[in-house]
Amino acid sequence: MAGAERWMRRAAEAGDTDAMAAVGQIFQDRWEMAEAEEWYQRAADAGHVGAMVNLGVLLTMRGDLVGAEHWYRRSAEAADTDAMLNLAGLLADREDVAEAQHWLHRAAAAGESDALVNLGALAQPEEARRWYQLAVDAGNSDGMFALGALAEEDGDRRTAEEWYERAADAGNHHALVNLGRLRAERGDFGPS
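Numbering (UniProt numbering), first residue to last: 1 to 192.
None of these hints come from the bench; they were simulated from the model. It cannot be assumed that every hint is accurate.
Cβ pair distances, simulated, as ranges [said to hold, decoys possible]:
#, residue 1, residue 2, range
1, 125, 89, 18 to 24 Å
2, 170, 5, 32 to 38 Å
3, 122, 176, 22 to 28 Å
4, 180, 127, 41 to 47 Å
No residue lacks a Cβ here, since even glycine has one placed at the ideal position from N, Cα and C.
All chains, full assembly: derive it from the sequences and hints.
Printed below as a string of structure tokens:
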């Protein structure tokens, strides 16, 4: 055990919730999930909001969606936007769209641009465009990608390419793939 890790572990064992969450992260980074879960659980039980989200993620990974929802909900109620997004995802997966939208609206109101993209994904195309545009206005490349996909679905390949290019320039790798595919389909194999 490295020196810094040893001190972190001592602080965690002494009851420091930030240290407990950090020790959980150390174990998670090593893929030692049982130990990570144990430390996240201790920190979450003591009220550490970040540990609640991380515990929810681990529980989701092992299929305990009831437990994951519990911790996402507690963290979301404490205004954690990551928890709001994760909770909304669980709710949308079980087709509770209204409550998923509720949490996405709260996350969006807190400045989380990914929530705008997710609201668009739950909406009909015209309303989706509005949400995606709001995400783009916030600098979100997933919103750019989504507008490209909508344009492509509408048969507007030129607009789709423009959105995919903007998203790719912003670092969205999915957009880069779609942009390459569209250009290859029209026989353009050169650099942009």
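Hints versus structure:
Taken as a hint, the range 18 to 24 Å holds for the pair residue 125 and residue 89, whose Cβ atoms sit roughly 21 Å apart. The hint said 32 to 38 Å for the Cβ distance between residue 170 and residue 5, and at roughly 36 Å that hint holds. With their beta carbons about 26 Å apart, residue 122 and residue 176 fall inside the hinted range of 22 to 28 Å. Separation of residue 180 from residue 127 is about 30 Å and departs from the stated range, judged on CB atoms against 41 to 47 Å.
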